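Chemist: Dock chain Y against chain H, hints included.
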Amino acid sequence: MTLSQSVRKGDRLALARLLTQVENDTLEGRAALAELFPQTGRAHLIGVTGAPGTGKSSLVNQLALHFRREGKRVAILAVDPSSPFTGGAVLGDRVRMRDLSGDAGVFIRSMATRGSLGGLAQTTAAMSQVFDAAGFDVILIETVGAGQSEVDIARLAHTTIVVEAPGLGDDIQAIKAGILEIADVLVVNKADRPGVENTERALKSMLELAHPTRHVFLHHGREMVVDAPVKAETKMWIPPILRTVATEGTGITELAAHVAAHAAHLRLSGDWAARERARLEAEMEALLVEALMTRFRAEVPNGGFESAVQKVHERTLSPWEAVQLLVNGRQE
Amino acid sequence: MTEKKIRVLVAKPGLDGHDRGAKVVARALRDAGMEVIYTGLRQTPEMIAEAALQEDVDVVGLSILSGAHMALAPRVLELLKANGQERVKVFLGGIVPDEDVPALKKMGVSGIYGPGASTEDIIREVRESVKG
Chain H
0 MTLSQSVRKG DRLALARLLT QVENDTLEGR AALAELFPQT GRAHLIGVTG
50 APGTGKSSLV NQLALHFRRE GKRVAILAVD PSSPFTGGAV LGDRVRMRDL
100 SGDAGVFIRS MATRGSLGGL AQTTAAMSQV FDAAGFDVIL IETVGAGQSE
150 VDIARLAHTT IVVEAPGLGD DIQAIKAGIL EIADVLVVNK ADRPGVENTE
200 RALKSMLELA HPTRHVFLHH GREMVVDAPV KAETKMWIPP ILRTVATEGT
250 GITELAAHVA AHAAHLRLSG DWAARERARL EAEMEALLVE ALMTRFRAEV
300 PNGGFESAVQ KVHERTLSPW EAVQLLVNGR QE
Chain Y
0 MTEKKIRVLV AKPGLDGHDR GAKVVARALR DAGMEVIYTG LRQTPEMIAE
50 AALQEDVDVV GLSILSGAHM ALAPRVLELL KANGQERVKV FLGGIVPDED
100 VPALKKMGVS GIYGPGASTE DIIREVRESV KG
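Protein sequences, first through last, are from chains H and Y. As numbered in numbering that gives the first Met the number 0, residues 0 to 331 make up the first sequence, in order. As numbered in numbering that gives the first Met the number 0, residues 0 to 131 make up the second sequence, in order.
Hints in this document: simulated from the structure, not taken from any laboratory. Note that the structure is predicted; figures quoted are calculated from it, not measured. A couple of the hints might just be wrong.
DSSO-like, lysine-lysine: derived pairs with alpha carbons at most 30 Å apart [as the list claims (entries may be wrong)]: (1) Lys3(Y) with Lys8(H); (2) Lys8(H) with Lys22(Y); (3) Lys8(H) with Lys4(Y); (4) Lys130(Y) with Lys22(Y).
Covered stretches of chain Y, as calculated for chain H (at least 3 residues, CB under 8 Å) [what the hints assert, rightly or not]: (5) 19-28; (6) 53-64.
Just so you know, even glycine gets a beta-carbon here, dropped at the ideal spot from N, CA and C.
With the rest of the complex left out, here is chain H (with noise of 0.2 Å):
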């Protein structure tokens, strides 16, 4: 029996194999994978990220827990950093997921970012098509702790969960371009402890400036009411606030329910195959620059780059000249 098969079957530590064949991008994790492609495409991929000690991996823990009693079958990737000058690193997630330990239905994989700057691991996708194809009714997938422009997440989940927590910036952080933006669900987690008004508030505006809605509003002591725009589309998906206390437990309900209408909202609005479709092709360009690096070194004569880099170095030549050399062998 092939690896796909055994993991098809529901062996785990075919399953656990697997994915260090995936992650390792080996000849046969490419091989498993292309069998697993068709199987793929089921699993609602929840992404779960924001800035670190914001209470991802106890959030995680939850919604893990949350859906297990919903009789889904759960898998995690817990993503944490790798050092960026030994390789190494320490992923720690799983001290926070003691309560899934035992049950066979969940699996928890941590995976280092091996000097991948998005947020993700770059297998961190392929992985989550292996538990995909394994029969995974929900996959988790916990970034690395996030600032603000680690949003690779955003392009492989479904759903986004943004983690924010009291008392971590002002207003103006957050209308920053980035990591609020691509929330589909916000969550203030910790949310029993001091300033959580403002977070909330801050949140609130934000999404107030970048959204279409009724505004209400305290203007000199007087309720102002600013209706929403006439041509506003009533369809649009728009991310609720949420308050949680991960560690307790608290607003977890609230937060899968929300999470089950995003994906609920996706499905009807044509969005999910969408953005299906708008990862496939980002993956595949990501294959195609890989595999037309690997032809160009074949078919460039030996030391043709490094001359190239050579006299560009030497500045008689221009990079763009150099690069139009290597590809038409000649100068445009």
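Modeler: Same frame as chain H, but now just chain Y:
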């Protein structure tokens, strides 16, 4: 294609709450370029074996300061074997009396380190065990 990384599970079975040693070793292995999955305190042998399986590790490092190593180490070895992971190497750190060392080695523990052990020795022996 990326190079094969050594993956190590560092776990603390049993009921003592002293995890400084485990953290020092985790950090040292990280600095040696390995990927260390840290699981935290008070793990049962079952939890450790399950984590070792899901993470497909090459090495399991146990930290035991409670004196229960003669019960916990063989149980972990047994469960790893039952899961089809007999090739996973098990290392042990903590307070282990000299007279227990031969018995533990015979059970299949690859290395045993007490107070004062150097992290360089641990790193070298972990690397060698995975190669062999």
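Chemist: Against this structure, judge whether each hint is valid.
Modeler: Each hint, compared with the structure:
The hinted pair formed by Lys3(Y) and Lys8(H) meets the criterion: a straight-line CA distance of about 27 Å does not exceed 30 Å. Pair hint Lys8(H) plus Lys22(Y) does not hold up; C-alpha atoms about 37 Å apart against a cutoff of 30 Å. Our distance criterion of 30 Å between C-alpha atoms is met by Lys8(H) and Lys4(Y), whose separation comes to about 28 Å. With a C-alpha separation of about 24 Å, the suggested pair Lys130(Y) and Lys22(Y) falls inside the 30 Å cut-off, and the hint holds.
Residues of the segment 19-28 of chain Y with a Cβ under 8 Å from some Cβ of chain H number 3, which satisfies the need for three, so the listed coverage holds. Chain H is given as covering the segment 53-64 of chain Y, and this holds because 3 residues of the stretch bring a CB closer than 8 Å to a CB of that chain, at least three being needed.
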